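Guided by the hints, dock chain Y onto chain U, whose structure is given.
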Amino acid sequence: MTIEDQLRAILRDVLGLGAERAAAIETDTPLFGAMPELDSMAVAGLLTEIEDRLHILIEDDEVGGEMLETFGGLVDFVKAKRGG
Amino acid sequence: MTAARCPRVHPYADGEFMLAYGPPDGPQLLVLQPLFEEMNRCRAMIAGICRALAERGIGCWLPDLPGTGESLRALDDIRWEDWLAAIEAAATMVRNETSTLPSTFAIRGGALLDQAAVSRRLRLAPTTGRSLLSDLRRSALASGSDPARPAGYTLSPALVDALANAEPSADGDVRTLRLASDDRPADRRIDGTPLWRRPEPATDKGMEVAIVEEIASWIAS
Chain U
0 MTIEDQLRAI
10 LRDVLGLGAE
20 RAAAIETDTP
30 LFGAMPELDS
40 MAVAGLLTEI
50 EDRLHILIED
60 DEVGGEMLET
70 FGGLVDFVKA
80 KRGG
Chain Y
0 MTAARCPRVH
10 PYADGEFMLA
20 YGPPDGPQLL
30 VLQPLFEEMN
40 RCRAMIAGIC
50 RALAERGIGC
60 WLPDLPGTGE
70 SLRALDDIRW
80 EDWLAAIEAA
90 ATMVRNETST
100 LPSTFAIRGG
110 ALLDQAAVSR
120 RLRLAPTTGR
130 SLLSDLRRSA
140 LASGSDPARP
150 AGYTLSPALV
160 DALANAEPSA
170 DGDVRTLRLA
180 SDDRPADRRI
190 DGTPLWRRPE
200 PATDKGMEVA
210 IVEEIASWIA
220 S
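These protein sequence lines are chains U and Y, in that order.
All letters in the first sequence, in the order written, are residues 0 to 83 by numbering that gives the first Met the number 0.
All letters in the second sequence, in the order written, are residues 0 to 220 by numbering that gives the first Met the number 0.
It is worth saying that the hints were derived from the structure and are not from the lab.
All of these numbers come straight from a predicted model, not from anything done at the bench.
Built from N, CA and C at the ideal position, the CB exists for glycine as well.
Careful, some of the hints might be misleading.
Said to hold, decoys possible - Which bits of chain U does chain Y cover? Going by a derived footprint, with three or more residues having C-beta under 8 Å, they are:
no.	stretch
1	43-49
2	65-71
What the hints assert, rightly or not - Computed spacing ranges between beta-carbons, pair by pair:
no.	chain 1	residue 1	chain 2	residue 2	range
3	U	Gly32	Y	Cys5	40 to 50 Å
4	U	Met40	Y	Glu69	21 to 31 Å
5	Y	Asn164	U	Glu58	36 to 46 Å
The following block holds chain U by itself, in its conformation from the complex (with noise of 0.2 Å):
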């Protein structure tokens, strides 16, 4: 699985959304502030998900700006964190 089918798949369990409504999540579909099961308690549970599944650890400094602005900036931050 791509990193990209990997933080869909998690955003589909987190957020409890349909398969069609995670297959369609793309680079420039937004995030927080969108996406209105994304509220700030579920922020929590996404990143602790993202944290076991993708084996990186995420400081709470790191959290917010573009990272949760886009689906393509959530890829970028995961696969900067894993080392590209």
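Just chain Y now, with coordinates in the frame of chain U:
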């Protein structure tokens, strides 16, 4: 049928309670629930699994650990050793009541404690203590509450220390189930929804049935 669907309340350990479903003369299963908020989110699923197993002749025992659920003790006074001792006491009580050593089915953080029961262990989506603590801290930050009392949970420093290093024990006879969308090591993957992540109460009947089938064939093997 009615007897299987209505659990009995059993005291165990010192002032703790567990629910018992099903007959005393079949295989016996000690069910270890997730920890903290995940326990509430999974409660309906776990009760459904216990009822379905009871109807198949499998006895299910569902302890509320000290400081959780129906326990009379406060969580802030609980140490990790209290939980391990409670599970050992619960397993001993099941053996005394039924003459059968129970197998364990542990969900999420429950898998951090299942070695206390010394028996065959089945796990659903086991997690680490570090991950649970991260979740509690982030939820507190998100809700604007004090990170020392995340989401109303006050943990003793001793419990936090023990959790920070807690990992599911690999010793002994362990079988691990994970969701199909989770690619960490597992003996079997099942299609389903991580109900422990859902802030709104949710159910997943298909997943519940798959788990019941899995437990019934595992406990008979």
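Right, here's what the structure says about each hint:
no., hint, in the structure
1, 43-49, "holds (count 5)"
2, 65-71, "violated (count 0)"
3, Gly32(U) - Cys5(Y): 40 to 50 Å, "holds (47 Å)"
4, Met40(U) - Glu69(Y): 21 to 31 Å, "holds (26 Å)"
5, Asn164(Y) - Glu58(U): 36 to 46 Å, "violated (20 Å)"
Checked against the numbered hints listed earlier, the structure breaks hints 2 and 5; every other hint is satisfied.
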